[in-house]
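Asks: Listed below, chain by chain, are the residues.
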Amino acid sequence: MHSAAQADVIFGLSPVWFAGGLFVLTYVLIVTERLNRAIIAMMAAVLMIVSGVLTQQSAMQGVDINTIGLLTGMMIIVGITRESGVFQYLAIRSAKVVKADPWGILVMLVFVTAFLSALLDNVTTVLLIAPITLLITDTLKLSAYPYLFAEIFASNIGGTATLIGDPPNIMIGSATGLTYNDFLFNLAPIAVFILLITLIPLYLIWGRHLKAEPELINKVMLYREIDAIKDWVLLKKSLFVLTLVMLGFILGHDYGLQPATIAMFGAALLLLLHCLPQKQEKQTEMVARALGEVEWITIFFFIGLFIIVYGVESTGLLEILAHQVIELTGGDKTVTAISIMFVSAVASSIVDNIPFVATMIPLIKNMAPTFGGAEELIPIWWSLALGSCLGGNGSLVGASANLIVAGFAERSGQPIRFLPFMLMAFPLMLLSVFISSLYVYFKYF
Amino acid sequence: MKASEVMDPNPTTLKPTDTIECAAQYIMEKRYRNVPVVDDNFCYLGMFGVNCLLKQVIPKSVLMHKGLDNVSFIHESLEDLYQRFDEVKHQPISMCMNQELPPVSPNTPLTETLLQLYETRSSIAVVEKDTCKLLGMISYWDVGEKILNAGEHPNA
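Protein sequences, first through last, are from chains A and B. Counting along the first sequence from 1, when you hit position 13 you're at 13 in the working numbering, and nothing is skipped either side. Counting along the second sequence from 1, when you hit position 7 you're at 7 in the working numbering, and nothing is skipped either side.
Keep in mind that the hints were calculated from the coordinates and are not lab data. Among the hints, erroneous ones may be present.
What the hints assert, rightly or not - The following label-pair restraints were derived from C-beta to C-beta distances:
id : chain 1 : residue 1 : chain 2 : residue 2 : range
1  : B       : H75       : A       : K211      : 20 to 26 Å
2  : A       : G21       : B       : T131      : 52 to 58 Å
3  : B       : Q99       : A       : P427      : 39 to 45 Å
4  : B       : N107      : A       : L13       : 57 to 63 Å
5  : A       : K211      : B       : T131      : 52 to 58 Å
6  : B       : M95       : A       : K443      : 51 to 57 Å
7  : A       : L216      : B       : E112      : 48 to 54 Å
8  : A       : R93       : B       : M1        : 55 to 61 Å
9  : B       : L110      : A       : A268      : 33 to 39 Å
10 : A       : L222      : B       : E100      : 33 to 39 Å
11 : A       : G292      : B       : K146      : 37 to 43 Å
12 : A       : G21       : B       : R121      : 40 to 46 Å
13 : A       : R34       : B       : P106      : 36 to 42 Å
Stated by the list, open to error - Taking lysine to aspartate or glutamate and the DMTMM-like style, the derived pairs with C-alpha atoms no more than 25 Å apart in a straight line are:
id : chain 1 : residue 1 : chain 2 : residue 2
14 : B       : K55       : B       : E79
15 : B       : K55       : A       : D227
16 : A       : K365      : A       : E376
17 : A       : K219      : B       : D80
18 : A       : K219      : B       : D69
What the hints assert, rightly or not - Which bits of chain A does chain B cover? Going by a derived footprint, with three or more residues having C-beta under 8 Å, they are:
id : segment
19 : 124-132
20 : 216-227
21 : 409-415
We treat Cβ as the ideally placed atom computed from N, Cα and C, and that holds for glycine.
Full structure from sequences and hints, please.
Replies: What follows is the structure, given as structure tokens:
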């Protein structure tokens with residue numbers, strides 16, 4: 001794997017040691033959270049180039065444009081769509097459908113969160129749902145904790161279901177060529193099952209105790225969800241574009257269209273429809289606002305990370321690690337898949353699942369010759385997706401969405417503490433991974 | 001000209017232990033927008049005003065960072081709002097006073113003081129930097145009156 005352009009010795013170290021050391025240091029700095037993760041990733045990426053592990057040209061080859069394009073495109077679409085108020089409408093409507101019954105609301109918010117997380121990204125979903133949840137629980141004079149806890153789980157489980165639901169799936173899909181439909185048919189059924197199973201302990205722990213006074217329930221029933229729609233024209237345009245994008249994800253693969261192309265087309269089309277009737281100055285303002293909705297920290301974190309992992313990969317270190325993993329599992333594909341699922345789950349509950357999956361992808365790719373080709377790796381990819389997405393539920397730091405919800409809880413004066421959350425969440429997460437391991441075992445082996 | 005020359009040196013003050021109910025009645029009666037809160041040593045602690053009151057009756061999920069940006073679906077009565085106020089009215093004003101309105105020092109130039117008045121849209125406390133002692137208050141009316149007087153009596 002050592003490229004011709006790569007220096008033989010870097011600061012007195014072999015490229016393997018230098019890149020490996022830089023990679024570990026990057027991980028440590030990301031975990032400690034003393035510095036913004038985008039700064040860390042960009043700095044380490046530049047060091048990979050400056051030190052001679054990669055050239056600028058080869059570094060760019062490591063950046064997965066499909067992942068970056070898909071994330072950016074969807075962020076723009078969601079950013080514009082949310083202005084219509086449709087997400088608030090959905091949340092309020094779902095609460096009223098169950099006649100504002102406290103347990104019914106929890107179940108409905110779980111379904112709405114999971115559904116939106118499958119179609120949008122988790123962070124956006126909880127940013128939209130958590131404030132409504134706090135309003136409803138405040139009105140019903142109920143603790144928001146069970147609701148926010150359930151929504152964290154729903155966002156990570158829902159995100160597992162589709163290619164676009166969670167960044168690990170986007171990366172896996174892009175690296176392997178697995179399509180939107182592949183994810184939908186292989187992961188959505190188990191995600192729905194896990195979601196339903198998760199509701200049982202939630203009911204036993206909290207649900208059966210949730211009660212509210214009739215007059216407070218009546219207050220929630222007085223919310224006029226239709227008034228939440230701020231812009232009907234924008235709503236129609238957004239739903240039109242979202243439908244086109246979803247159809248594109250489902251059908252586009254047969255026409256050679258990558259998810260990033262579809263998402264960016266959707267973003268451009270919605271911008272066009274949104275801005276077209278406006279004057280040029282207003283258009284500039286609207287485009288700037290829409291682009292401002294993109295989480296540039298996440299995007300630059302991804303770019304830096306791709307370069308770092310590509311640098312490590314180019315030294316051959318991940319190939320060595322892949323062989324060691326295979327040795328550890330005795331070359332058994334089933335053991336490898338299940339081990340990867342559990343290791344991914346535990347690792348993702350402790351560290352950000354994005355760098356973890358970015359590292360695992362080339363490592364797993366290196367296992368193809370041992371297991372008989374790329375096709376044979378498919379169950380392992382599902383294991384990685386299930387482990388890394390569901391693992392996000394293991395602790396408060398397991399996923400960005402968890403921290404967003406915790407932030408809302410803190411601001412509402414009902415903080416979610418790290419340890420009490422983990423004591424409840426980690427066993428539940430392990431239960432979901434255990435169910436997933438049975439699913440993978442019986443379906444693919 | 002400096003801040004100390006346009007301030008009211010004898011402002012009305014509140015104590016941090018005053019209840020929200022008492023403070024609310026006081027500012028409503030006197031039609032004050034903001035009243036400085038000081039401790040027993042006259043050290044400036046923050047401001048209590050109409051915004052603090054509004055904050056108590058609007059749902060928390062609306063006012064919090066990244067909270068609800070659209071509340072058009074909520075239709076509440078005055079009784080609903082009062083209920084929210086009722087829950088906090090016996091609490092001390094220290095729990096809700098605004099500590100983010102920056103005071104100015106007595107030597108702050110007039111233009112800078114006016115800019116702050118314009119940007120914060122609130123009366124400004126004039127505070128001695130080292131001791132945090134409240135020296136006076138500057139309101140729109142004090143400044144406005146002085147500017148107009150300067151036009152009428154140029155040499156005053």
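Asks: All hints are to be evaluated individually against the structure, with a verdict given for each.
Replies: Cross-check of the supplied hints:
1. B/H75 - A/K211: 20 to 26 Å: Distance hint for B/H75, A/K211 holds at roughly 25 Å.
2. A/G21 - B/T131: 52 to 58 Å: Because 53 Å falls inside the window, the suggested range holds.
3. B/Q99 - A/P427: 39 to 45 Å: Since B/Q99 and A/P427 have Cβ atoms about 42 Å apart, the given range 39 to 45 Å holds.
4. B/N107 - A/L13: 57 to 63 Å: Holds, since B/N107 and A/L13 (Cβ atoms, about 58 Å apart) stay within the stated range.
5. A/K211 - B/T131: 52 to 58 Å: holds, 54 Å
6. B/M95 - A/K443: 51 to 57 Å: With a Cβ separation near 56 Å, B/M95 and A/K443 satisfy 51 to 57 Å, so the hint holds.
7. A/L216 - B/E112: 48 to 54 Å: Hint holds: Cβ distance 50 Å, inside 48 to 54 Å.
8. A/R93 - B/M1: 55 to 61 Å: Hint holds: Cβ distance 59 Å, inside 55 to 61 Å.
9. B/L110 - A/A268: 33 to 39 Å: Roughly 51 Å apart at Cβ, these two residues miss the hinted range, so it is violated.
10. A/L222 - B/E100: 33 to 39 Å: Hint holds: Cβ distance 34 Å, inside 33 to 39 Å.
11. A/G292 - B/K146: 37 to 43 Å: holds, 42 Å
12. A/G21 - B/R121: 40 to 46 Å: At roughly 54 Å between Cβ atoms, B/R121 and A/G21 fall outside 40 to 46 Å, so the hint is violated.
13. A/R34 - B/P106: 36 to 42 Å: holds, 40 Å
14. B/K55 - B/E79: holds, 16 Å
15. B/K55 - A/D227: With a Cα-Cα distance of about 23 Å, the restraint between B/K55 and A/D227 holds, given a limit of 25 Å.
16. A/K365 - A/E376: The hint holds at about 11 Å.
17. A/K219 - B/D80: holds, 9 Å
18. A/K219 - B/D69: holds, 20 Å
19. 124-132: holds (count 3)
20. 216-227: holds (count 7)
21. 409-415: Three-residue rule met by the segment 409-415 of chain A, so holds; n is 3.
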